[in-house]
Structures are given as structure tokens and as C-alpha cells.
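Since the structure of chain G is already known, use the hints to place chains V and Z on it.
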Amino acid sequence: MARARAGARDWERYGLGVGCLVLPLAVWEIVPRLVTLPRGAKLFFAMPSQIVVALYRLVESGEFQGHFAVSAAEFLLGLGLSIVVGLPLGLLLGRFKTLDDLLDPYVTSFNATPRIVWLPLLILWFGIGIWSKVVIVFIGAVFPLLINTYEGVRNADRVLVNVVRSFGGREWQVMKVVVLPNALPYIVAGLRLAIGRAILGVVVGEFFGASRGLGYMIASAASGYRADVMFAGVLVFMALSLGLTLSVKALETRLTRWRPQATKTF
Amino acid sequence: MDYIVANDLTVTFRPANRNPLTALAGFGLRVARGEFVSLVGPSGCGKSTFLNVVLGLLRADAGEIRIDGRAIAGPSPDRAMVFQEFGLLPWRTVLGNVELGLELKGVAPAARQRRAAELIDLVGLRGFERHYPHELSGGMKQRVGLARALATDPNVLLMDEPFASLDAQTRDLMQAELLQIWDQSKKTVLFVTHSIEEAAYLSDRVVVVSARPGRHKAEIPVRLPRPRDYEMRLSPEFNDLKLAIWTALKEELTATRT
Amino acid sequence: MLNALGRRRRMVLGCGSVVVFVGAWEIAFSTVVRWDPFFITKPSLIAAAFREQILGGKLWKDMAVSGEAFLAGFALAVVVGIPVGAVMGWRRRAEYALDPLLTALYASPLIALAPLLIITMGVGIVAKAVLVFLLAVFPFIFNTFAGVRCTDPLLINVVRAFGGRERDLYLKVILPGVVPYIVAGARLAIGRGLIGILVGEFYAASEGLGFAISRFGDTYRLPEMFTGILVLAVVAVGLTGAVRKLEAMVAPWRAGQQER
Chain G
1 MARARAGARD WERYGLGVGC LVLPLAVWEI VPRLVTLPRG AKLFFAMPSQ IVVALYRLVE
61 SGEFQGHFAV SAAEFLLGLG LSIVVGLPLG LLLGRFKTLD DLLDPYVTSF NATPRIVWLP
121 LLILWFGIGI WSKVVIVFIG AVFPLLINTY EGVRNADRVL VNVVRSFGGR EWQVMKVVVL
181 PNALPYIVAG LRLAIGRAIL GVVVGEFFGA SRGLGYMIAS AASGYRADVM FAGVLVFMAL
241 SLGLTLSVKA LETRLTRWRP QATKTF
Chain V
1 MDYIVANDLT VTFRPANRNP LTALAGFGLR VARGEFVSLV GPSGCGKSTF LNVVLGLLRA
61 DAGEIRIDGR AIAGPSPDRA MVFQEFGLLP WRTVLGNVEL GLELKGVAPA ARQRRAAELI
121 DLVGLRGFER HYPHELSGGM KQRVGLARAL ATDPNVLLMD EPFASLDAQT RDLMQAELLQ
181 IWDQSKKTVL FVTHSIEEAA YLSDRVVVVS ARPGRHKAEI PVRLPRPRDY EMRLSPEFND
241 LKLAIWTALK EELTATRT
Chain Z
1 MLNALGRRRR MVLGCGSVVV FVGAWEIAFS TVVRWDPFFI TKPSLIAAAF REQILGGKLW
61 KDMAVSGEAF LAGFALAVVV GIPVGAVMGW RRRAEYALDP LLTALYASPL IALAPLLIIT
121 MGVGIVAKAV LVFLLAVFPF IFNTFAGVRC TDPLLINVVR AFGGRERDLY LKVILPGVVP
181 YIVAGARLAI GRGLIGILVG EFYAASEGLG FAISRFGDTY RLPEMFTGIL VLAVVAVGLT
241 GAVRKLEAMV APWRAGQQER
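Protein sequences appear in the order of chains G, V and Z. Per the working numbering, numbering through the first sequence is continuous, rising by one, with the last residue being 266. Per the working numbering, numbering through the second sequence is continuous, rising by one, with the last residue being 258. Per the working numbering, numbering through the third sequence is continuous, rising by one, with the last residue being 260.
Source of the hints: derived by calculation from the structure; they are not laboratory data. By construction, the Cβ of each residue, glycine as well, lies at the ideal position given by its N, Cα and C atoms. There could be a bad hint or two in this list.
In silico DMTMM-like pairs for lysine to aspartate or glutamate, Cα to Cα no more than 20 Å straight-line [claimed, not checked]: (1) V/LYS105 - V/ASP153; (2) V/LYS186 - V/GLU198; (3) V/LYS105 - Z/ASP168; (4) V/LYS242 - V/GLU219; (5) V/LYS217 - V/ASP8; (6) Z/LYS245 - G/ASP104; (7) Z/LYS61 - Z/GLU207; (8) G/LYS249 - Z/ASP99; (9) G/LYS249 - G/GLU151; (10) V/LYS105 - V/GLU118; (11) Z/LYS58 - Z/GLU207; (12) V/LYS105 - Z/GLU166.
Facing chain G, from chain Z, some residues (calculated, C-beta under 10 Å) [stated by the list, open to error]: (13) PHE39; (14) PRO100; (15) MET225; (16) VAL237.
If you anchor each label on the Cβ, the simulated ranges turn out as follows [as the list claims (entries may be wrong)]: (17) V/GLU118 - G/SER166: 48 to 58 Å; (18) Z/VAL79 - V/GLU177: 49 to 59 Å; (19) G/LEU246 - Z/LEU171: 35 to 45 Å; (20) G/TRP11 - Z/ASP152: 23 to 33 Å; (21) G/TRP11 - V/GLU118: 49 to 59 Å; (22) Z/GLU166 - V/GLU177: 31 to 41 Å; (23) Z/ASP152 - V/LEU173: 25 to 35 Å; (24) V/ARG14 - Z/LEU175: 27 to 37 Å; (25) Z/ASP152 - V/ASP2: 33 to 43 Å.
Chain G extracted, bound-state conformation:
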């Protein structure tokens, strides 16, 4: 039996959430001070204060900016390319079934295969300059964009298309008035996924074949047992990833206000 009851208060929600975020930081700060750890674990337990100091020093010396610029360039170039290729291709595949049937095996298999597997080949072809990373970012980011655009186009309501046609509208008008607005939320969701994949591509690409970049910084810090520098790099990536993803999510919410049901994407 139920009574109509009151819900939890807002401050409880924020309190618990913030608490859970702060707790690990506190543990990481305090534990190394209290206990002497074996060498391996010491790497793991860099204190937040040390990390902040390391980051500050890196920025001060300009080293950070150098690495960041390289990673940013790879990210933006790769993502830009994936948008330029993925969106139109998604539109075409969604619109022309024959093309979709022809290319489906490639899209499905490339999408299911982890992009990382191409890394050794790309390093072979492009060396350790930025282009191997740009291509990996591209491969990672293009699929969510392509597939989501495709879904968005296919999802256009037949009834609405007929409405536009009944008023004498032509192909491009149908696209402009019905298909694209309908596809937009899907595309933005795809962009959100693509950004995550792009960052992943930068990180992994730079681990294995690079001489510059934040990922390279992390990897070399790790082998030099500089836990503070390493975590500084990881944190920067985390912050960037979070920031970008949340911004796109906010954009998504604004664009999907008219929809009765949210697109489920994880």
C-alpha cells in the first residue's frame, strides 16, 4: 500500500554527488603521507597536490602548451575530416538504398572492429608525425557520425515527407524542411560519440608512435616513473573530454526539446 510521499531534497543529491567526487581525492592525498608504499604502488598514488604542482610547472615552462598544441591539431583535423566525410556520406546512404546496400558490409565491419587495430599499419604508412594520429582519429570519429546521420535520415517521418511533396516541394526542399531538422538531434548525438572516440584516438595514437603530444607526455612520464606528470596529463584529457561531452549534451538537449522521446545513446 502506498501513500503519496515527498521526494528527496536537492541538497541531498548534490551533497552525495560532490562527496563521492571529493572522497577519492582525499584518499589519494592522505594515504601516501601516512604509509610508505612499494615502488609500483607509489606510482599509482600520486598526491593531488603534487599533480597540481606538476601541471603548473609544465605550463610555466611552456612544455605543456607544445604538447597540447600537437594533440589539439590532431584532434581538430581528424574530427573535422570525419564531419566533412561522415555527414554527407550518411545523408547519401540514408537516402539511396542501393548505395547503402553496396557499402553496408564495409560500414558494419569497420564499425565493429576496434579502430586501434589499424594503428601499426598507419604508423607504417605515415610514420610518427601527426598524420597517423589524424587518420586514427578520423577512422574513430567518422563512424558514429555516419551511422547516426544515416539513422536520422532514415527516421524521417514518411507522412511529413508526403506533406511537403503534396505542396509541390522538390527533393532538396524535402531535405531542408523535413529530413535535416529531423536528423539534427541524431547528428548531434553522433557528434558527442565522435568526440569521445576522437579523444581516444589521440591518446592511443600518441602512446605508440609519437614524439610529441599529450599522450606521448603521459607515456614517457609513466616509464620515467613521474606519476605526477602522468596524472596531470590524464586529468587534462579527462577535463577536456568531460567539458566537450557536456557541452554537446547541452546542445543536444536544446535541440531535442520538441521530441516526445529521447534518443537512447550511450
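For chains V and Z alone, coordinates are given in the frame of chain G:
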């Protein structure tokens, strides 16, 4: 006359971050055994809330409610509800859905499947036992809901706008079927609807509930002979009936328009 | 003519385009195009290397090593992820506490911790399994969470109305409702887990499929490298396809909603 007795019922909802909402205030009703009573009233007037109280899912804040002299303490097999949105478990077949009440009551598999099959046949869905809800039309789904409610052989059948989601033709069909089934079983039925016509056609008595907070506003007895047939809807007596209900209802509808 | 094929059309066109592509590649590289064997290779050589690897046996060993680590990490992700997600979905307080932390972690490239893990835990199966776990656990957590949250309150009321108690609610409504979400989560987790295995093996390993691919790359043995890539692709597509079939089986009532 006193099989179901509700006296001075008050139910208030207190959602988080909003003002409390009183759905029923001092609501009273007496229903005789085997009677078919409809409740009509403006949206939000508490009719469904009342059904939930009788069902035992909701507890009143004040007042009392008794069935056959005993207070209601929670859901029980002698009261069953048919829901407006069907409420079928999508991962169960028609058979699996109909036997839900029996299963929860602890009836053995063989026995409950037999009984479920009987009811599926009764509502005209023989052959569909192994189908899933998503393969059925709206009318068929509601028949499953009806079969499920009848499976435990409850004394009281609670129906919350059961035919509202159906198209007009299916609705007429279901009304006729419901009357047929009720004729045979003579259960006590509480039927909530927005349709005056439906209320008048089906019931022995139509109760008009006031706008929120809901009160027992008026009662119109329906003296048409049984069994009812479609042509009765076209008779002058029926029209008088509808007018009487409408007159009582009209005030309440304009009251909610603020 | 194409329309006459009906449903098979998709399969015919798809297979056709692959056959044409491979055929064109082979013919071009065998006749007209001059190519550098340290840079690219052609299908017939890849096929030969494939045959040799399958019969020779090292391929199987590598797959076994990678597979073991992957399964260990994946199993751990299932065992940890589903209960955590379920608790988060069912108890508001758990959600409030864990959601911000987990969202932050999910959005971050946890793979960035790979060097750390490998250096602290060495080059064996443990590090790889932990990496797979870290990546694969999140889809399970979030999807289970979503599945529990999306339980239809109407159905809860229905089961209560017919006399169901707490245990019945779990068994008859929540659990069946959650299964499709969990399976969808598994599909995502597979992809992420595979990334973990590959990164772990590229970085520092002496065995495994990922290691084989990168080693062949280092030694410029392109046909063998493509073989490795092909094997991985087949495994990946196979696993993902199998999970999709499972999804369709487990949730025929959600047949309308598809998501790649």
C-alpha cells in the same frame, strides 16, 4: 445495498516540490452486490483515485471504506482491475499474462494454465495463447487485460476507462462483450469513463463525481431493461438519461475550466 | 532487375561489392600497379599468409592468450557492473552518490591509464584483464541503471494489484525488463573491451593477437599483419553480430527500436 461502502473518503497527494493535491474530499458511495456502477466526472476529479483505493493500492487519509463489512487492507484476489493502458507484461505471452493473478496467488501451473485457457477462450482469443502483446491489436490487448482480471474470479471488477484507447467500433464491440460476460457472472463492477453514452449503456446506476476535489455529486439510476441491445441507444428514454447525466456533469466541467 | 531480388538484394549487393573490390585490388596489383611490398600487399598474398598462420598454429596460441585476458576482464565487468547499475537504478541515494563520479570516469579516456597499469602490474594477463575491465564495466553499469529506471511503473502497479510482493516485483517486472538493456550494454562493452586488449598488447606484451599484429608491422611482414587484422575483424564482427541476434531474441517486443 451495502456490499461496498465508502464514507467521507479523503485522499491527498503530496508530490515533492509541489503543492499538495487533494483528489477526493468527503467522497461517499454505496454499492450493492452484483451492481454495475459507472463513475463519470471531469478530468482529474479523482475517479481513478477512488478505484485505486478500492483496489487497495492507495490508502485514504481520512474516512472509511469497507467491502462486505470488512476494511480494505491491501490488494486481494477478490478485487481485480482492468487498466486503461492495458498493463500487459511485454515479455510474457497472452497465456503468461492471463495467469499472472493465479500465479501470484500460488495456484499450481497445470491448474492455472487450464483456467487461463478457459478465460482466453471466453474473451474470444482462442489460438492466441502463445502470442506476445506487441503482436496484438488494442482491442485484443484489452481482452487479455479483461481475461487476466477475471482469472482469479474476483467479486469486484474495477475498470479504469478500459476502452478509452480503442477505436469507436472496437469499443462498441467490447462493451457488448463486457455486458455478456457480466450477465453470466454477475460481479460487482465499478466502471470509470468519460463517455456519458458508455456509462448509461452499461450501468445500473451512474454516479457523477464533482470537479477536484472529488465528491459524490449526483446519481442517476438507469432503468433500461436487460439484456441491453444497441437499439436502446437510439431510444428517447436513453436520450433523457443522457440529458440528466449531462446536466449534472455540465456544471462540474465548467467549474474546472478556471 | 535489382528490385526483383527483394530481401536478398541487400546481401547480394553487399557481397557483390566486396567481391568486386577484392577482385579489382588483386587484378590491379598483379598487373598494372607497381607496389612496394614494405608498404602494401595484395589479397592473394594475404590469403597465403592466412592459410599458413592457421595451419602453422601460432595464430591460435595468440588468440588464446588474448581471449583469456579478454574473457577475464569482461567477466569481471559483468559481475561488477550489473549489480552496481541495478543498485543505482533502484536506490536514489546510490544514484546521487555515484552518478557524477561514474559519468566523469566514463567520459574520460581511461585508456590513458594504460601505461600506468602496465608499469605497475607488469606485462601479463592481469594488467590486460584490468584494462579490459576498466573499459567494459561502464556500459554495463549505465545500461543496467537505465534499464532499472525505465521499468514501467504501470507494470509495477499491475503486479502489486494482483497481489505481488517485493520479490515478485523484482522477478516478474524489473528483471525481465532489464535484460534487453544489459544485452545492449554487452554489445558496447565488447567493443570497448577489445580496445583494451589491443592497447595492452601493443604497449607491452610478448604474446597475443595485438602483439602479433604490431610485431608483424615492425618487421614489415604485411601479409601476416593483414591476416591478424582480418582475424580480429572477423572475431569482432562475429561477437557483435551474435550479441545483436541475442538482443533480438531476448527482446522481440522491442523489435522496432534499433541502434547501431
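To see whether the hints hold, each was checked on the structure:
1. V/LYS105 - V/ASP153: Within the cut-off at roughly 12 Å; holds.
2. V/LYS186 - V/GLU198: Cα-Cα ~19 Å, so holds.
3. V/LYS105 - Z/ASP168: Holds, at about 11 Å.
4. V/LYS242 - V/GLU219: Cα-Cα ~12 Å, so holds.
5. V/LYS217 - V/ASP8: Answer holds: V/LYS217 to V/ASP8 is near 13 Å, not above 20 Å.
6. Z/LYS245 - G/ASP104: holds (18 Å)
7. Z/LYS61 - Z/GLU207: Holds, because 8 Å separates the two Cα atoms, which is no more than 20 Å.
8. G/LYS249 - Z/ASP99: holds (16 Å)
9. G/LYS249 - G/GLU151: Roughly 19 Å separates the two Cα atoms, so the pair holds.
10. V/LYS105 - V/GLU118: holds (18 Å)
11. Z/LYS58 - Z/GLU207: Holds, because 10 Å separates the two Cα atoms, which is no more than 20 Å.
12. V/LYS105 - Z/GLU166: holds (14 Å)
13. PHE39: holds (7 Å)
14. PRO100: holds (4 Å)
15. MET225: Given a least distance of 7 Å, the restraint on Z/MET225 holds.
16. VAL237: holds (5 Å)
17. V/GLU118 - G/SER166: 48 to 58 Å: holds (51 Å)
18. Z/VAL79 - V/GLU177: 49 to 59 Å: holds (50 Å)
19. G/LEU246 - Z/LEU171: 35 to 45 Å: 37 Å Cβ-Cβ, so the 35 to 45 Å window holds.
20. G/TRP11 - Z/ASP152: 23 to 33 Å: Check passed, 30 Å falls within 23 to 33 Å.
21. G/TRP11 - V/GLU118: 49 to 59 Å: This hint holds: roughly 56 Å between Cβ atoms.
22. Z/GLU166 - V/GLU177: 31 to 41 Å: holds (36 Å)
23. Z/ASP152 - V/LEU173: 25 to 35 Å: The hinted range 25 to 35 Å holds for Z/ASP152 and V/LEU173, with Cβ atoms some 27 Å apart.
24. V/ARG14 - Z/LEU175: 27 to 37 Å: Taking Cβ atoms as reference, V/ARG14 and Z/LEU175 lie about 31 Å apart, which means the hint holds.
25. Z/ASP152 - V/ASP2: 33 to 43 Å: holds (37 Å)
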